Amino acid sequence: MKNNQSRFEILQEEIEKMYLLTSSRSKENKKKAFRIYITIAVSTAIVTILVAIGDDFTSNTTAIKILTLFFSALSTVLAAWDGFYNHKQLWVNYGESRDNLKELLLKVKLVSDEEKNNTDFLIKTHKEFQSIIDKGNYKWKELRLDETNG
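Residues in the sequence shown are numbered consecutively from 81, following this note's numbering.
Read the hints as simulated data drawn from the structure, not as lab findings.
It cannot be assumed that every hint is accurate.
Each pair of labels, with its calculated beta carbon distance range [to be verified]:
#1 117 / 198: 45 to 53 Å
#2 217 / 132: 43 to 51 Å
#3 101 / 156: 28 to 36 Å
All values derive from a computational prediction rather than experimental measurement.
Glycine included, every Cβ here is placed at the ideal spot set by N, Cα and C.
Whole structure, please, built from the sequences with the hints as guidance.
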């Protein structure tokens, strides 16, 4: 942070940083959710195929059983991982915060020079920024508490 920045510039910079952070986390959680869901689907499909062909290959029965157990266990572990971390809901929550911050950032970028120095505007904008952050933090905490209690 530069020492000669105005209060408006500092606030705008903080909004932009938080927008970029929530955007990044939303994308990360979207990728994680997708990978987990696809891996579970592929793993369970492999289990189904292995169970179906298990009796057809009597010379490889042990290998087929081991592979079936492995992919079945993999599906179980990934489902538990998804249940604990809930990347899909994190993706949605971070996306909502990102969208709200993007809206606020646009509002701040379109502000007149007169409003940039208006203390009431700065206080109102900071409160709106803090409200978005607080709501995101609340949803994150609520998601974590639901997982530990449920």
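How the hints compare with the structure:
1. 117 / 198: 45 to 53 Å: Roughly 48 Å apart at Cβ, these two residues keep to the hinted range, so it holds.
2. 217 / 132: 43 to 51 Å: Roughly 48 Å apart at Cβ, these two residues keep to the hinted range, so it holds.
3. 101 / 156: 28 to 36 Å: holds, 33 Å
Comparing the model with each numbered hint stated earlier shows that all of them hold.
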